[in-house]
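Q: Each chain, letter by letter, is given below.
Protein chains: 2
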Amino acid sequence: MTDVKISIIGAGSAQFSMSLMRDVCLKEGLKGSTVCFMDVDKGRLDIVHGLATRFMGELKANLNLVKTVEREEALKDADFVINTALVGGHSNAETEREVGEKHGYPRGIGFGGYFHQLKLMLSVARDMEDTCPDAWLIQAGNPVFDGCTLMTRETKTKVIGLCHGHHGAYHIASVIGLDPSKVTFQAPGVNHCIWLTDFRHNGEDAYPLIDEWIEKKAEEYWRTWDGSPLDGEMSRAAVNLYRIFERFPVGDTVQQNPTFSWWYHADDQTMKKWFNKYGGFLSKTGWDYYLEGLSKHIDRMNQLYKDPSTPVSSEFSPKASNEQHIPIIDALVNDNEAKYQVNVPNRGALTGFADDVVVEVPGIVSGRGVQPVHVGPLPKRLTLQILGTCVQRMELGLEAFLSQDKEALLNMILWNHRTRSYEQAEKVMEDLLALPFNEDLKAHFR
Amino acid sequence: MTDVKISIIGAGSAQFSMSLMRDVCLKEGLKGSTVCFMDVDKGRLDIVHGLATRFMGELKANLNLVKTVEREEALKDADFVINTALVGGHSNAETEREVGEKHGYPRGIGFGGYFHQLKLMLSVARDMEDTCPDAWLIQAGNPVFDGCTLMTRETKTKVIGLCHGHHGAYHIASVIGLDPSKVTFQAPGVNHCIWLTDFRHNGEDAYPLIDEWIEKKAEEYWRTWDGSPLDGEMSRAAVNLYRIFERFPVGDTVQQNPTFSWWYHADDQTMKKWFNKYGGFLSKTGWDYYLEGLSKHIDRMNQLYKDPSTPVSSEFSPKASNEQHIPIIDALVNDNEAKYQVNVPNRGALTGFADDVVVEVPGIVSGRGVQPVHVGPLPKRLTLQILGTCVQRMELGLEAFLSQDKEALLNMILWNHRTRSYEQAEKVMEDLLALPFNEDLKAHFR
Numbered sequence: 475m476t477d478v479k480i481s482i483i484g485a486g487s488a489q490f491s492m493s494l495m496r497d498v499c500l501k502e503g504l505k506g507s508t509v510c511f512m513d514v515d516k517g518r519l520d521i522v523h524g525l526a527t528r529f530m531g532e533l534k535a536n537l538n539l540v541k542t543v544e545r546e547e548a549l550k551d552a553d554f555v556i557n558t559a560l561v562g563g564h565s566n567a568e569t570e571r572e573v574g575e576k577h578g579y580p581r582g583i584g585f586g587g588y589f590h591q592l593k594l595m596l597s598v599a600r601d602m603e604d605t606c607p608d609a610w611l612i613q614a615g616n617p618v619f620d621g622c623t624l625m626t627r628e629t630k631t632k633v634i635g636l637c638h639g640h641h642g643a644y645h646i647a648s649v650i651g652l653d654p655s656k657v658t659f660q661a662p663g664v665n666h667c668i669w670l671t672d673f674r675h676n677g678e679d680a681y682p683l684i685d686e687w688i689e690k691k692a693e694e695y696w697r698t699w700d701g702s703p704l705d706g707e708m709s710r711a712a713v714n715l716y717r718i719f720e721r722f723p724v725g726d727t728v729q730q731n732p733t734f735s736w737w738y739h740a741d742d743q744t745m746k747k748w749f750n751k752y753g754g755f756l757s758k759t760g761w762d763y764y765l766e767g768l769s770k771h772i773d774r775m776n777q778l779y780k781d782p783s784t785p786v787s788s789e790f791s792p793k794a795s796n797e798q799h800i801p802i803i804d805a806l807v808n809d810n811e812a813k814y815q816v817n818v819p820n821r822g823a824l825t826g827f828a829d830d831v832v833v834e835v836p837g838i839v840s841g842r843g844v845q846p847v848h849v850g851p852l853p854k855r856l857t858l859q860i861l862g863t864c865v866q867r868m869e870l871g872l873e874a875f876l877s878q879d880k881e882a883l884l885n886m887i888l889w890n891h892r893t894r895s896y897e898q899a900e901k902v903m904e905d906l907l908a909l910p911f912n913e914d915l916k917a918h919f920r
Numbered sequence: 475m476t477d478v479k480i481s482i483i484g485a486g487s488a489q490f491s492m493s494l495m496r497d498v499c500l501k502e503g504l505k506g507s508t509v510c511f512m513d514v515d516k517g518r519l520d521i522v523h524g525l526a527t528r529f530m531g532e533l534k535a536n537l538n539l540v541k542t543v544e545r546e547e548a549l550k551d552a553d554f555v556i557n558t559a560l561v562g563g564h565s566n567a568e569t570e571r572e573v574g575e576k577h578g579y580p581r582g583i584g585f586g587g588y589f590h591q592l593k594l595m596l597s598v599a600r601d602m603e604d605t606c607p608d609a610w611l612i613q614a615g616n617p618v619f620d621g622c623t624l625m626t627r628e629t630k631t632k633v634i635g636l637c638h639g640h641h642g643a644y645h646i647a648s649v650i651g652l653d654p655s656k657v658t659f660q661a662p663g664v665n666h667c668i669w670l671t672d673f674r675h676n677g678e679d680a681y682p683l684i685d686e687w688i689e690k691k692a693e694e695y696w697r698t699w700d701g702s703p704l705d706g707e708m709s710r711a712a713v714n715l716y717r718i719f720e721r722f723p724v725g726d727t728v729q730q731n732p733t734f735s736w737w738y739h740a741d742d743q744t745m746k747k748w749f750n751k752y753g754g755f756l757s758k759t760g761w762d763y764y765l766e767g768l769s770k771h772i773d774r775m776n777q778l779y780k781d782p783s784t785p786v787s788s789e790f791s792p793k794a795s796n797e798q799h800i801p802i803i804d805a806l807v808n809d810n811e812a813k814y815q816v817n818v819p820n821r822g823a824l825t826g827f828a829d830d831v832v833v834e835v836p837g838i839v840s841g842r843g844v845q846p847v848h849v850g851p852l853p854k855r856l857t858l859q860i861l862g863t864c865v866q867r868m869e870l871g872l873e874a875f876l877s878q879d880k881e882a883l884l885n886m887i888l889w890n891h892r893t894r895s896y897e898q899a900e901k902v903m904e905d906l907l908a909l910p911f912n913e914d915l916k917a918h919f920r
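Line by line, the protein sequences are chains A and B.
For the first sequence, the numbering used here begins at 475 and goes up steadily by one.
For the second sequence, the numbering used here begins at 475 and goes up steadily by one.
Hints should not be assumed to be uniformly reliable.
Same chains, same names: a pair is fine if it fits in one copy or spans any two.
Below, a list of computed lysine-lysine pairs in the DSS-like style, where the Cα atoms sit at most 27 Å apart [to be verified]:
1) Lys-534 - Lys-690
2) Lys-880 - Lys-576
3) Lys-534 - Lys-751
4) Lys-901 - Lys-593
5) Lys-854 - Lys-751
6) Lys-854 - Lys-630
7) Lys-747 - Lys-576
8) Lys-854 - Lys-632
9) Lys-505 - Lys-550
10) Lys-901 - Lys-747
11) Lys-751 - Lys-901
12) Lys-813 - Lys-550
13) Lys-880 - Lys-593
14) Lys-780 - Lys-690
Source of the hints: derived by calculation from the structure; they are not laboratory data.
Fair warning: this is a prediction, and the values are worked out from it, not measured in the lab.
If we strip away everything but chain A, and leave its shape as in the complex, we get:
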């Protein structure tokens, strides 16, 4: 029996919160823990808390479930804070996208959501310094790379960023015809930009099998492909990146726009050529499909909540999710040492990057904390062009955010590869700052 308190900020996402519930219910070593659900949306909070309570009952798990709309209450006495909050939801992003497109940025330009997320993350990490200075902050909401770098530089809070993109390595294995359970791999980089540096099947180097697949089977795979609009992991773009940069991109690395690889995203036609017949995850079709999936899920949760006769465990089967959050908490609490894919300050793990840049690398997690594993250098041009560009984008973003200087904000937009003129940058910036939900940003940037 532990008396660990795990607080979830932004717990209104039932999908995410119930994943954690599955894991925490099944962890023997976390029996007796308190799980505190916190969200500013009381309606969704009630649903998640209600479903979680029923689920726990169905599993006869022994947890203390509480809910609150107050961050302060969630942080009080917390041992772990999992921050999955998304400020403003997806609708603001759609409004911003329209503004971006009006100014010549196909599919828009990331803006308010980015800064709002940074503000939220930093304020949670700062509050934790006061309220629960010994607690771990597990950052799940994006941007993990920028946010974790910001929080670890600006606060003393212990931060681990998590993502599930590295599971893409198993998808690569399965597409090229390997049994994923017999595959081991290493995929370091920065969050959403990770690369297969080692790939083994039954302990043997399996990179030659990727090469063989590309040579003999890729064309047929692309011709007959009939997957989800979101699936671009084994697309022409992925193979092209591998060709130029000498390592295979993993997970959503390939579908990054517009940081590096802008050239696959130049327009709708180009995206259809490189990703899939729909244009991939970031195309209008792909993104609408994604949002529709989210919205259907919310409807299903509402129904499940209103219908107590249906067991919650029929929707969320009581087996471990593949998320790392709860296993990592267990490792830290009970010294159950294991290796995870973590986002932590570099400290020499990835050669060629500053120690205070948060990298995504294997980390040994135990009672001692998180220790990044040294993975050495990536190929030179991958470091230079791809990761170098990601780091530069992140640094320019943080510089704009922290300096609060409008010139730095303008500079960030000028730097964007898709910006064509100074006037365009000025205009899109002013129009985005003029949106009602960006009023605070208009005051932030002087």
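Using the hints provided, position chain B relative to the given structure of chain A.
A: For chain B alone, coordinates are given in the frame of chain A:
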């Protein structure tokens, strides 16, 4: 009397060689030195050697002047090698410019000239390792930044890169109404990208005087400006860079295209707005004016050569030039310690850059050699965006050159801010490689 041998590679440029002659003739401590002029163009070599011989006679200087078309002979027993060579001259660049424009790059995209210069520089530095391993290589030909980084990484030859761009600080002083002789300054960065970090008049901080000039006089200066098409040093672009990046750009820093500040160069109209009514140095008008100046100078040299009755010293007045080459040689030979503006591996002088990146910083030159002076960090966004982008461009160029991999070459073009599509990058690359004078590059990139 010394027995120092100074060899000039690419000595056919009379303007440059005669500047050195003026300085070496006047340096007491270099009396008796051998100056060896080397150029593959025998015609121009004869002219320079002839003019230099007459000039020495007129000044009654005591030097041993020799000429050769063989690099081996120039390097043999050399103590100093000044490399000012430009492979292929300017006409190839004009042909490449046309190809670039055809593919949507206004004013073209740097290509063959860049790689030919790197090849030449590296081969000179390598030959020196064998022929004159103790000699200093003074690199005057561009690209100084990329070439010096390449040579210092790949060879043991001692390299100093020189440029006169930092004199622009005196131009700033004179435009804002100060006496340049009462000004001191510091302008570190990388070559062609240097920034006024300290600016004093009579020992007092003179930055407020720049601010005052901008506030009260700049608009009138721009409205009534009537200088050379090449002059953009105090242009709207320079003031805009200062506004965004918090330090004033010095010399040709402001007219760099397309590495950073591509936004001032988007098209002819944009250049006219930001630089001057002609469009600045890199506009068609500016560049044609520059080439015409060079060509007129060559004609004048030819005439002077054919007319022994005119004293050479009537064209090249026998007073010190403002070039640093000969004073630095004097400092090294005779331990005449002084501070110069040098391009050398960083070794901690400029914070935030690797030790093996060649930076332009003050250096103490003496019998001990060259010791970079620590200047610390530049403002964060200047380091990140401007210098970071310069370093990334340089590193991608060297990676393409050294890997000899066509994918790395393509990647360098994809990275260029003005590239709009993958196909555009492929096509411009293939067309440039297909030019007759780039045949060796076609073989170089596999």
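Q: All hints, please: hold or fail.
A: How the hints compare with the structure:
no.	hint	in the structure
1	Lys-534 - Lys-690	neither (52 Å within a copy, 78 Å between copies)
2	Lys-880 - Lys-576	within (21 Å within a copy, 37 Å between copies)
3	Lys-534 - Lys-751	neither (46 Å within a copy, 80 Å between copies)
4	Lys-901 - Lys-593	within (24 Å within a copy, 44 Å between copies)
5	Lys-854 - Lys-751	neither (33 Å within a copy, 43 Å between copies)
6	Lys-854 - Lys-630	between (33 Å within a copy, 22 Å between copies)
7	Lys-747 - Lys-576	both (24 Å within a copy, 25 Å between copies)
8	Lys-854 - Lys-632	between (31 Å within a copy, 25 Å between copies)
9	Lys-505 - Lys-550	within (20 Å within a copy, 81 Å between copies)
10	Lys-901 - Lys-747	between (31 Å within a copy, 18 Å between copies)
11	Lys-751 - Lys-901	between (33 Å within a copy, 25 Å between copies)
12	Lys-813 - Lys-550	neither (29 Å within a copy, 60 Å between copies)
13	Lys-880 - Lys-593	within (16 Å within a copy, 43 Å between copies)
14	Lys-780 - Lys-690	neither (52 Å within a copy, 70 Å between copies)
Consistency with the previously given hints fails for numbers 1, 3, 5, 12, 14, ordered from lowest to highest.
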